[in-house]
Structures are given as C-alpha cells and as structure tokens.
Amino acid sequence: MPVTTIAGREIHVDEEGFLTVYDEWDPDLAKELATGIGIDLTDAHRKAIDFLRQDYAAQGETATLRRVSTVGGIPTKELFALFPKKPAKKMAYIAGLPKPHGCV
Amino acid sequence: MTTETAPALVPNFDDDEAAGRKLAIICSKGNLDMAYPALVLANAALGEGVETHLFFTFWGFDMITKARMGDLKFTMLGNTATHMPQGLGGLPGMTAMATHRMKKQIAGIGVPEVPEFLDQIVASGGHLWACRMSADMMHVTEEDLYDGVEAIINAADFIEKTNGAQLLFI
Chain A
1 MPVTTIAGRE IHVDEEGFLT VYDEWDPDLA KELATGIGID LTDAHRKAID
51 FLRQDYAAQG ETATLRRVST VGGIPTKELF ALFPKKPAKK MAYIAGLPKP
101 HGCV
Chain B
105 MTTETAPALV PNFDDDEAAG RKLAIICSKG NLDMAYPALV LANAALGEGV
155 ETHLFFTFWG FDMITKARMG DLKFTMLGNT ATHMPQGLGG LPGMTAMATH
205 RMKKQIAGIG VPEVPEFLDQ IVASGGHLWA CRMSADMMHV TEEDLYDGVE
255 AIINAADFIE KTNGAQLLFI
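Chains A and B are the protein sequences, given in the same order.
For the first sequence, position 96 (counting from the first letter as 1) is numbered 96 according to the numbering used here, and the numbering increases by one without interruption.
Residues are numbered in the numbering used here as their position in the second sequence, beginning at 1, plus a constant of 104.
These aren't lab readings, by the way, just hints derived from the structure by calculation.
Built from N, CA and C at the ideal position, the CB exists for glycine as well.
Please note: incorrect hints may appear among the correct ones.
Claimed, not checked - Facing chain A, according to a computed beta carbon distance under 7 Å, are these residues of chain B, among others:
#1 113
#2 114
#3 117
#4 124
#5 144
#6 145
#7 147
#8 151
#9 152
#10 153
#11 219
#12 224
#13 227
#14 228
Given these sequences and hints, build the entire structure.
What follows is the structure, encoded as structure tokens:
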C-alpha cells in the first residue's frame, strides 16, 4: 500500500489515492483532502461526510449516492451541487473511505 | 532531514475528460427486467459526470407512462434463463408471481422501483425524452407521461441531441 503525505501527515492510500485506514482520518484532514480536489468544505459538505463516516462504521461499506439521499436525507440534486460530476467518489475520498461498491 | 517531498497521491477524478462524454440509451422494452439495465447504467453514468439521455420508444413507453410505470411485469414466457418448464409460465397467476418475486429481489438490494429510479435519474441531471411516433400511435400526450420527461421529440431531434454520444439500444 502506498503512503502519501497530506498536510504533513503520512497517510496510507490505495493506488488511486483513496485512504485505506479508517482511523487516519479526522475532520481537519477532510478539509485538506477536499482542497486537493478543488472543493471548499462547508457545513453542508460536512453533513454528507459525517453521514458517510457513521454509515461506514455501522455497515462496513461506503454508502452509495442513493443511500446518502434516502438514509442520510440529503437530496441527490444537492449532492451533485456540493460534489460536482462524481459525487459518490468525491464524498468517499473526502470522508477517507473506499469508493462505494454498490451499483445503485 | 530531506527537503524532497513527493507530490501527494490524489485521485484523478477526470472532471474535464467526462465533460465531453455523452451517453444515449434507447429504451424500447416495457418488461420489468428490461427496464432496469437502462436505469442502472444511466444512473451510473450520471454519477460519473457523463451527460445522459434516455429515449423511450415503443414498449419502452410503459416505463414513463404514469398509469403503467409502477406496474411493469416480468414473465417467464420466452425466457429460458429462468430454467423452469416454459409451460408453467402460461399458467394463470404465474406472471404476477414472477413479477412479485423479482420486485422483492430488486427491493432487497436497495434498488428503487421504476418511478423512484426515474426521480433519482432526473435529480442527477439525466434527460428523458419520449418518441413522437410511439406517442402518436398510442394516442399518448405529455399529460399521460411522467413529469420528468422533457418533451415528446421525433427521431431526428433525438439524433441531433445525442450528437457524438455513445449509444445503447435496449
């Protein structure tokens, strides 16, 4: 597993750059990760990221976009506005989680 | 101490690359099992930032007709992949049973029913179009169609709108 340095911290990532160790993430790191992909993290973003973190802890897998909207209660349209083009992957990255595996 | 720092490994989301990509899916079937491939792929493409158009024609109209879209059916008849005797499929109640079972399986993996799936596709920025010829044949107007359908358009309009798109016929 590659190790990369983000904001002065050594972080374990996969070949693409997604974090692989759940506990290496914290809210400060999220801000750095978001900046790295051109997103300025706001409270609205944080709400989605927090849901993803909690849901992963409970379910053991990253929530799909649909799950974030139906279970997390954040409308799909809003997710596309907050995390443009590829919301599911971008949210997962900022939340320090693997890409979602589900199809829908 | 070293002054060299490797650049941080950050996923490449290829935002610009996806910008030019378009997907067009022609939905010509009204069976439950033939509706899902288009919906799943459209949803996935939208989630990858790909401009996506769905064109509903012939039996595909059932997917966007308000009165029918929640009631698509699955039949064993003519489908050897169920590995059941074909004669069974013709018995009364078999289509209802097969449909019920498939809907349960689909719901079981958290995938929505057709109307809700279309809601999600529209919310994700997908474009829905209805075929002019089919509408005329079946005497259907925009009133009868799901609200997310942008317009009833003819084949030439569709070809124009999907200029440069990758195309799937289902």
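- request: List, from low to high, the hint numbers that the structure doesn't satisfy.
  value: Of the numbered hints given earlier, those the structure breaks are 4, 6, 11, listed in rising order.
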